[in-house]
Amino acid sequence: MLPLVKTLIDLLTRDTVRVQEVNTALGDVISGGAENVPFTLRPHEAGVKSAQVVRQNAADGVSHVELQLAQPLAMTELVKAFGAFQNVPRSPTPTVAPRVVFYATPSGRSHTAAIFASYDPGSRNAEDGRVTQIMIRRD
Amino acid sequence: MRYASRLQKDANKQPVLNATRAVDPAPESALEDAHNSPTVSHILHLQATRGNQAVQRMLAVQREDDDQDAAPDVAAPVGILNRQQVALARSFYRLQARRYTPDIISQIQTSVGTTATGIMSNDDVQAVANWQQTLNASEEPGLKVDGIVGPNTLPTLFRNGLAAQDQIDQYSGEAREILERWDELGTPEARINALVAKVNEYLANAGVPPCAAIISGAAGNLGQFEFATWSLDIGRPAFTAAAPTEAQKADMADTIYHESRHAEQWFNMAQLQASQNKNTAQLSRDMGIPVNIAALAVASPLQDGSVNAMIAQGWNDSVYGPRAAHRNAVLNELTASDNALQVAQAAASANPTPANQRRLAATQARSQRAYEAYTNLPEENDANRIGARVTESYQAAAPQPEE
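Respectively, the protein sequence lines represent chains A and B.
Mind the numbering: the first sequence is residues 1 to 139 in our numbering, read in order.
Mind the numbering: the second sequence is residues 1001 to 1403 in our numbering, read in order.
Pulled out of the complex, with its shape left as it was, chain B reads as follows (with noise of 0.2 Å):
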């Protein structure tokens, strides 16, 4: 389901992500990858022994060591990050070597415009940032401009399957012809059957096997993707009213969209498993899709050390890998801080005192930070990206009033 706190639908005119972008998450599998070196342990020991002011201090220092081989980086890095975030972003390539190979760092270069080497640079840092802050302008949710190309930041470098433009573009105009036909459509069943079959299209350009359409009577859940039985889980209730608002056609597009996307990610990720070697059963017992699923990622493993591969790795650790501890947390968090600001609502509502209205400030920044948190999930914020450039491009293909 495209989540949005409650906190956001009551203040949803004061945009939550403008002012704190959120943190692109390392790759934690990587990280440990990195753990047996010499480096990382050093950089662990120092950080527990003597706080994260001394590990920065150390790896200005090295940076420093490092740019006297590297003649063009000898200057002070020009850009909109520091010295030392500029430290700090190019130890976690060097750190990550084994997941951020030549190939790939070549690729990164390319996409943010500077010279393909295959090593990180200073410029290449600070190119990576400057696409950060720019993307920041336009799209949500942010991205912290910190020049790492992490989980977060990566899907935004390679559009690819429904990420790309033409894609959500196209997607996005014939959704819309679906959804100007309400009228004529007639029943919710048959608008919800026209805009799944058209989204099955979508995941099909994309190699992703379709999804089925379950249309369920639940109000207030107008969709998600069910990854256990494969399936676009869509409420009735929305798609009955007389006459929706342009809004709300545009929430129904990006809603299917963007559960579509989890299909596709959920898929790569299945996709990225499969490499590993492991059959369709293990597959469909590791992941707990459906069994032919798992068989057509078996038949369309993706290849190791691809650009596809890293950024279905970055979505399998959230899901299925170290940070998955760390997703259960943020989703329990997610309900909680909820549940909570009702509560708190209610109560001021009831008896606006001092301390209720306190407690309520205090609920709201609480369900505020969760909701970021939420959004900074590899899978989410790439999610809520991509719905949210659906109903861009929905909105922008609106008839033009004649004049």
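Excised from the complex, chain A in its bound form (with noise of 0.2 Å):
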């Protein structure tokens, strides 16, 4: 799962990324490519049950990348992976999981990514909550 989601963020920092590379990084897609449709894809990465790219406007471009997992995940393993996680506040839809974010800022690149993720809190609310979603952003 995480070396998919280092894939995705080497792809979305590069200068330019376009809709097909990502795809193609991610799985078959099933729908999506209309005017401000988001492709859905079945994702190779069996950690992932569903995937979700979202076009830059209506260029060619990537805004940004959702990945629905398929297990959750711990947030440890995250932080492991990209540091430290901001909290985000809530979104003004109550519905909508909690979620904090981490940076990714790769050396020599014009482009950096944020992760945010989705939890269900723990004891220690996002410290040991488990991750159910992940969205990279093209920064």
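Everything labelled a hint here was simulated from the structure, so no lab data went into it.
Chain B side only, calculated, beta carbon under 7 Å to chain A, not exhaustive:
1. 1189
2. 1193
3. 1213
4. 1224
5. 1228
6. 1229
7. 1262
8. 1288
9. 1291
10. 1328
11. 1331
12. 1334
To be clear about the criterion: a stretch of chain A counts as covered by chain B if any three or more of its residues have a C-beta under 8 Å from a C-beta of chain B, and this derived list gives those stretches:
13. 30-36
14. 84-93
15. 103-117
Just so it is clear, the structure is predicted and the values come from calculations on it, not from any experiment.
The C-beta atom is built at its ideal place from N, Cα and C for all residues, glycine as well.
Combine both chains into one complex, guided by the hints.
Structure (structure tokens):
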């Protein structure tokens, strides 16, 4: 699972990235592609139940990628991979799960990436939370 | 998402907020600023050791002392608030003098139709209370009638951006034109794209960057603003109906405007934080918003001490500031109470024993309290009010049947 996230970060922080490249890295397109309709994919990676690729405006670039995890992932795994997280305010939509964000700043890249992890809180809230969804945004 | 609790949906003939009005929360950071004042320390100590009544007695005495310096207010206050309420309201402004500057007070006074002096008098406080009471007769969610211009009341006095009535009326008319072309547009995607393109024109008028539309298949989610991707995520299912009713169409127009208002709030919060000398990268990280949006906010910071900055401060206190923990608790409780209500409804329906009925009544009351707390969050109070005004305007623009 984490290798896939790292691959996506690598793609999304390049100078240019095309939707097709991200789709290919992820899996098979099931639907989507019309104006403002994200691509929905069946990922090759078994740890990911489904994925969505959202285009940047109407262009061929990528805004962000969402991964619905097949099994919850310990937040500590993401901390090991990406360092300390930062808390993010809850969405105005009460049904949206709480999230934290990690930032990836690969050297020599013109873009960075923000990795938002939605989680079910543990006894120490996010720290020992179980991550259910990951969204990687190209910045 | 414009959130209606299950209880509200079940009992929407019985307005939840008619009797109990939401409380306008105090701007906490301003209270914290004021904590260094000996008066505030004294009040807090008194409150802790002797209770609220002692505080109220002290404030009443203080008000009488102050009134000796303010000739026009020597007489007992005339209006809907009693002496104690007036004293509390005036102390609210005095204790937060750094936020309620003479300039801000003057603008409030002008808005409520009293003389702009820069100092809140008894008459001014009564005029604010009168404004709150009058507004409650025509708009929801409610405001507490207390003479205090807190983060819920302030945006109702200064209706800027998407809150301006001319913008609401114009949008409602144009949204109606789009939705009347339901069949011609043909697909849910075309309907959603047309509405989002339209609302983006209004965001542009307000100086807010446009939101991307993201059309999802999620049922039960008409729409939501996502600040992390600066998008309006709209659920496709609601836009697939063969012939939606007028009420359903009004709800679509309302929800998309409501969610766009959240975008405006978030951008104003970003402009506020940008005015505190944050650079683009800091702002993006601190708020979780995309870098390009942060850059635009840095290029157009709100003016310190302006009414717009003060309105944004109320939202910022709630979402990113000292009220954030309270906001999280309110959102958590809203979901938890709704889940508990579903369980209680199922139990009472399957087995309507007196015990299950009592449990249902208790969870209904809990859900109602949670919903009231939710609509009392400054950003929700504001967006819900504006959405409701869109619905009203949309319905008012309906073609009249020919006689």
